[in-house]
Amino acid sequence: MADVPDYLVLRRHRDLVGRTWHPWVRRTLVVLVLAVPVLGLLNVFGQRPSTASAVAPEASLKVYSPTSVRGGLLFEARFHLTARRDLKDAILVLGSGWLEGMTLNTIEPSPVSEASKSGRLSLELGHIPAGQSYLLYVQFQVNPTNVGHRSQTVELDDGDQEILSLRRSITIYP
Amino acid sequence: MDVVIRAAVAFAFIYLITRVVGRRELSSLQPFDLILLIVLGDLIQQGVTQSDYSVTGLILAGATITLLQMAVSYLNFRFARLRTVLDGEPLVLVEGGRVLERNLKRERLTPEEIAEQARVQQIASLEDVRWAVLETNGQISFIPKQ
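Respectively, the protein sequence lines represent chains Z and C. Per the working numbering, the first sequence starts with residue 1, numbered consecutively. Per the working numbering, the second sequence starts with residue 175, numbered consecutively.
These are computed hints drawn from the structure, not numbers from a lab. The reader is advised that the hints may include incorrect statements.
[What the hints assert, rightly or not] Listed next, the stretches of chain C that the computed footprint assigns to chain Z, with coverage defined by at least 3 CB atoms under 8 Å from CB atoms of chain Z:
1) 187-194
2) 257-269
3) 272-284
4) 301-314
On a predicted model such as this, the values are computed, not experimentally measured, just so you know. Backbone N, C-alpha and C fix where the C-beta goes; we use that ideal spot for every residue, glycine too.
For reference, chain Z alone in the conformation it holds in the complex:
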């Protein structure tokens, strides 16, 4: 055994005694690494949009926006209102989760006015005649420091009267 290089232990380094389980560690790690893109393809990490809707006798609302996003990404939220009766003063009220840690790039069409309603963003859309639709596009960017789970409620009012509300949430990955 004198010709064995220093610090080589043949039982371990040639015969692999005590090392037979090592490949399983690597295989497990490979599966873990593989799981990440697979979950990505399954939209776990965003940002494929989905539709959430709410219906009331006066109007219906569809929100088309991603429920998972990642830091720094740009995304769009589309609010589709359909009036079933005349809405004299439609107001869309967005919960704080829509804006906390988000950069609001643009709102199209621009609302008539903006205000705060108990800490939520109130967007006055104006008059929507019965049977007509109103499509509001809002472009956001996630601030890189914004991480976690946030509630994104949407409420539709006609003046002071609440017509419907929609509960959804967003998960922000780092």
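Since the structure of chain Z is provided, determine the placement of chain C on it from the hints.
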């Protein structure tokens, strides 16, 4: 704070993938591997600093990675059992001119690749090799027969 956390996560991720990829792939960089490595570095940098262009951000991320590397190096030095986990262990590939197929298969190596590496070190035949060992850094060291 977030830059430090992101840098630490990036460090752990790099460590994980280098252990997954295998020693041989990392030590023998073909042109494609080199480009892939540069692309990976760029992707990791974007994830760590994101839209932070400040010198403070650079120092925070750089210092975190440096400290973590020093910590791993110290753990390697201090704890022999941890060394096998963090760095791996040598693997005998050829003994007395005989190729150990089982060990080659374990590292996804072929006898042709071993022979190629032997030729690089002026050894014409694997029969002239007394020991060929895949070291923890991915290099194959050859000890020729006298």
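Starting from the hint list further up, note which numbers the structure goes against and sort them upward. Of the numbered hints, all hold.
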